[in-house]
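Undergrad: Listed below, chain by chain, are the residues.
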Amino acid sequence: MERGRNLSFLRSLFRKFYEENGALLETPSSMERREFGFLTLDRRIMVRHLSFEKKDELLEFIVDRVPSDCYRSAAYYMDPGAPEMSGKGWLGADLVFDIDADHIPSPCKEEHDRWRCLDCGEEGKGTAPDLCPRCGSKRIEERLWFCSRCLEAAKLETVKLLDFLTSDFGLTYDELKVYFSGHRGYHVHVESEALRSLGQDARREIADYITGLGIDPSMHGLLHLRGEDELSKLLECSSWAGRLMRGGYEFILEGSVEDFVRIGLSKYQASALVENRDVVLESWWKGGFLKSVKGLGRRGWAKVFLEAARREAALIDTVVTTDVHRLIRLEGSLHGKTGFRKTRVSGSLESFDPLKEAIAFNRGEVRIYVEKAPEFRVGDSIYGPYSDEDVELPTAAAVLLVCKGLAYVV
Amino acid sequence: MEVSREKLARYPFTSEAAEYIKARGLFLSDFEKPEFQVVVERAEERIREALEKGVVSYRGDVVADVEILSFPLALALVNSIQDNFLKHRYALAESERARRILANEEPRVVLEVARDALGWKARFVGSKLMYDYALDLGSYLEVASVFHHERWKLVNRPVKDGYVYLTSREFTRLIAEGIKGIIEDEIEASPRGRLPPKLGEVADRIRRLLSEKRPASEVTEVVKGRVVVEAFPPCIKSFYQALLKGEHLPHVARFAITSFLLNIGVEVEEVVKLFTRIPDANERITRYQVEHIAGLRGSKTKYTPPKCETLKTHGLCVEGGRFCGRVKHPLTYYRRALRRFGRVGEREKPELSEEPIQEVL
Ligand code: SF4
Ligand SMILES: [Zn+2]
Ligand SMILES: [Zn+2]
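Residue numbers (this note's numbering), protein chains in the order written: chain G, 1 to 410; chain U, 411 to 771.
Only chain U is shown next, with the shape it has when bound in the complex (with noise of 0.2 Å):
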């Protein structure tokens, strides 16, 4: 059966759409010419929509292959600038724009998006049930093992028979989120050569948006000045590196982190910093609710982390703790791998590793 070029616009991600694009057979250099102009346009445009609003919009009314090749010219584009926060951020945007689009569409459609982009065994339940999906457990544990909210621990789900059942906007919700996976990768995958001239005005257009745009980064330094990170205990760590990465954390996980640093001393000023390195974090909200734990809000009161029993809960300890001695408290392995550290006083600064965080863990 022919693919319609509607669907392939909506879904530019496919292995569908790839080999569309791939029988095209363009080079950058072609992007040069008038006639493409539009579509070049139309990339940039993709780009601009990431960083400013957090979405790709939907472009029903332009010619369907302006909206399919504008696609993988976008991933050269970012993949060309190098810069994480922006992949990061322009895979955020796509994927957000098919979950939109998915929201509308039948249930035979979102279907075929999940085998046929994810290879994913599902099926549609219908709402005898009241649920609409059964997704096979190995792919939700595969893509759902990243969210931490309690909604989506196994444990809280209806698992039955090797599948797990979801409603459609949960259903859809997950498929973004494979969807982001592949678009980071397709970004990584694209050319990334010398731009031809008329795309290097593109780029350079963006990266002077993109520093507009980019949350302050001096962060980390400014942390470990006052802290010792090393010192920080797995759990903290993982969510520490996690906002590093501008990556979403669960609820529970961000209060935790929050308190955690505003106990150790962290100033709540670069604490909000930290978290908007989050593509779409909310900067008043943000800073409303780390005013709020830090107890200049409302009920006056200062919040303590959560203890070890809470994190292990809700499923943020790492390893059930097995690096962490027996502690009860993240601020308690915090105080003991101090001293571990050697006393650190207001004036001394830490002897600090240059180890990425990430072979601490």
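Next comes chain G alone, as it looks inside the complex (with noise of 0.2 Å):
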């Protein structure tokens, strides 16, 4: 029954939103190219295949059936709305990069990130496991929440991710889209026609070279590098040489002892690293770094070098980039799992601030039953934590809790 008021709140709630704020809803380039799918709001199933001439076909299509999300295909078909993939006749697809906290390891998913055995009741913190611990079951449900933190994650992966977008691929600002998700990352569009037609291992390839996939430091010529010439005509063709240089530096500068063994170096190799900082540092931008620790040689420089490419990679969810049949949220859509809209970041990346610019509902106060949540921020307000309680909230806050699952309209 509660669950029944949250579905026809969500339900007006997100109508209203949609037949107000058509505006913001983006179209992608040639709509009529591509196809589109819904979630249903109240069972969750996917409702896909469907194609729109016009934005207006397709806000009224929303508005009627209020979705909780909305997706369109990277790629371009010849008829978008054939029922079979086989019958659509691709054309090309825009290249996509998702970002997810899911993908990346940051601290405060262990406190806020939690599991539920949908079989035995079995809870835990953090990601949740395979398979439940206690019965085996598969069927574990996932609570997950986001913070500043791990959002602050996710915008230093996309702030590599275009790094190697512009300065590595040559690809300009106009040819890219970066977007806020609505959750908890970022997407960033890619429609450069140059790229629009590659097949799948190419793309794959993409990926690998963004997430460093199979690199080989001495393939990037490092470890035989001899003086500072060849290092400058190195740089001058090599972003990921680059990249490794850097990001070596960084790990020399930091590094202590336990971090060399940590990647593979002897206990004697990670200290005579450290005690030969100095003179490490002193020769790297030289080139002459190769044979400025006694007993470390090249297999060791190659393990530093990977660690470097380990921090240096950005964490895209590969699987996203590959598939050339994906479907990405709708731009400017809301989300189902919060009730932000996915954001276009049009600005400076680094000032982005997801938790307000994304706010989609910015009248009102509803009042929810809160059974459990942990302190959040949504705009300037923090709110929280609340346990078995009755509140009265902004809008945007109380669909946060609503979509989320953890409480309840009164």
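It cannot be assumed that every hint is accurate.
[Claimed, not checked] Pairs of lysine-lysine residues, derived as DSS-like cross-links and limited to a Cα-Cα distance of at most 25 Å, are as follows:
#1 Lys303(G) / Lys738(U)
#2 Lys738(U) / Lys722(U)
#3 Lys531(U) / Lys233(G)
#4 Lys337(G) / Lys155(G)
#5 Lys738(U) / Lys138(G)
#6 Lys417(U) / Lys531(U)
#7 Lys404(G) / Lys372(G)
#8 Lys722(U) / Lys160(G)
#9 Lys337(G) / Lys356(G)
#10 Lys55(G) / Lys177(G)
#11 Lys372(G) / Lys125(G)
#12 Lys608(U) / Lys432(U)
#13 Lys286(G) / Lys233(G)
#14 Lys303(G) / Lys722(U)
#15 Lys717(U) / Lys738(U)
#16 Lys16(G) / Lys337(G)
#17 Lys303(G) / Lys717(U)
#18 Lys337(G) / Lys177(G)
[Said to hold, decoys possible] Pulled a few chain G residues facing chain U out of the computed Cβ check, cut under 8 Å:
#19 Gly214
#20 Lys233
#21 Ser239
Read the hints as simulated data drawn from the structure, not as lab findings.
Every residue, glycine too, gets a C-beta built ideally from N, C-alpha and C.
Put the complex together from the two separate chains, hints included.
TA: Here it is as structure tokens:
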């Protein structure tokens, strides 16, 4: 019954939002070539293989059905509404990147994410296990939360990603659009004619490039450097060589003996590296580091550079980038798990505040009964923690808790 | 600018050459005329060379027109025979011809071929860096993602401002790969009617040669009789499929499928047969390598296939393993999948679907 109240509350709120803010909904380029899909609000069923010629039709559909989430294909099709993938006639796809807190290790997840076994009721904190440790069931429900810290971590990865896209791939900012997903991360859409027709293998190469998967420092010339000249030539044509050098420099600057042992150096090598830190850093950009520590040979340096690669890589969800039939969240639409909007980052990413700029509902207050909620921020205010209590909250904060299934409308 | 006939003779697959040939307005029946006898002979020679040596020669000594016109005629002959092995092998041998010629060309000409034949954006960067050419990212990915060696992985290439840097050798290798694709398309697009009598005789001779040169092909059946191909993990399926098509595999992939097949009980002999479908495979060396992996030579250790992790590092895992549950080893996948297909005893043959492997993938 409470669930029913929540549903009708969300339905009327979401409908009103789309009725009044149709202008905030962005339509993808060549929208008539895109497939659309929607999650129903009540049972969260995916309805896909739809197509729309014009924005009006799309809006009308959304206002009529009030889905919890709206998606559109990254791909362009001859016949996007065809019921089977094979009948659609794939023409190409934008390159999309998804950076989600799910893929980024951040300590706050252990604090705010929870899971519960639907079979035996076992509960725990942090990332959900694959199998319930008590009964072995796979039916595990995740309760993912998000906070400023994991959003900040996601932002940092996005900044790294943008560097790959611009300085390595030569894309211009006109070809890139950055969005806050409305939940735990960011999306970057690339519309570039030169990359549109790339198939799965080629996209996998791009994903591997950005995550540094399979990188071999020796192939970037760093393990056979002969001096400053060669280094500067290398940096002129290889962006990854630059990252390995920068990341390696920082790692050596900050690293402790334990850190160096953790990446696989012997105790002896690690201490030698720490003792000679100044000499190493001094010779670093002169390309003379290879001979700067006795006992540390090419294999050892390769380990240092692998750690550098790990730090410099951007943690994108590679499955999203590789999948040429992927549906992605419609720009400007509401996220069913938060009530926030997928929001374009138009100015500087560094100063973008997702918990403020993505707010969709900024009028009125709502009384809700909160079962359990951690402390959280929406806009400039901090709320909670709450536990089994009645509270009156600004609509955006109340919607967030209701969408998360932590509260009921009273 | 008038393009020299010598250039067309060297690169008969370019659009300029195609225009030149088209302007001659020739039909297949024209080649029956005595003045074209020498062209017909050269076309037959091209195909013979492809089958026998894996590379078509460049005949700078004959009249340029013979070298130019024998190319489309050879395509038409190959297409009329309708044999995938021959098509593949011929395209490969023509692209190898082009690669060898390009290796001695000036950068200007190399860039022209890359631009005109393949539509690539590339530039010569000189040896002021350690690389000679820079190729636009999109073209690089399109052509190089079929190579799986780690050297070609984008993450191991110098990349900057949308360009991938390459040595001369690497660049011409990529051009040749691109050309191979073009020639395959051109074969498909070439006329395939009934051949006039003289050309028909040529085609018959080629068919005879083909049946001598074609590697054993019952291998699909042999492998299928003992093992359940449907139960192969995606990575191994993709290698297997490539071998059936006679395609090249990177070293790690060859090692992986060889050791995989040997481990699930396929005989050395059958594995060798599978590998000799590759056009320029050397049977002795292949056998030696397979026997080595089987533990019949050298160190006498029988190798197991690489773990998923290793395959992932080499970019050989299919879609990050998302079809594989949480297996860590391709052999584990196979054993689990076998259970899904029902237990396979020594005598009972598994029920096999007739689905081609592509669809299972
Ligand atoms: S997960 Fe393992 S078995 Fe599956 S495709 Fe990848 S490497 Fe092969
Ligand atoms: Zn349980
Ligand atoms: Zn957090």
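Undergrad: Look at each hint and say if it fits the structure.
TA: Hints, one by one, checked against the model:
no.	hint	in the structure
1	Lys303(G) / Lys738(U)	24 Å, holds
2	Lys738(U) / Lys722(U)	11 Å, holds
3	Lys531(U) / Lys233(G)	22 Å, holds
4	Lys337(G) / Lys155(G)	20 Å, holds
5	Lys738(U) / Lys138(G)	19 Å, holds
6	Lys417(U) / Lys531(U)	21 Å, holds
7	Lys404(G) / Lys372(G)	11 Å, holds
8	Lys722(U) / Lys160(G)	23 Å, holds
9	Lys337(G) / Lys356(G)	16 Å, holds
10	Lys55(G) / Lys177(G)	20 Å, holds
11	Lys372(G) / Lys125(G)	14 Å, holds
12	Lys608(U) / Lys432(U)	22 Å, holds
13	Lys286(G) / Lys233(G)	12 Å, holds
14	Lys303(G) / Lys722(U)	19 Å, holds
15	Lys717(U) / Lys738(U)	6 Å, holds
16	Lys16(G) / Lys337(G)	18 Å, holds
17	Lys303(G) / Lys717(U)	21 Å, holds
18	Lys337(G) / Lys177(G)	23 Å, holds
19	Gly214	5 Å, holds
20	Lys233	5 Å, holds
21	Ser239	5 Å, holds
Going through the hint list in order, the structure satisfies each hint without exception.
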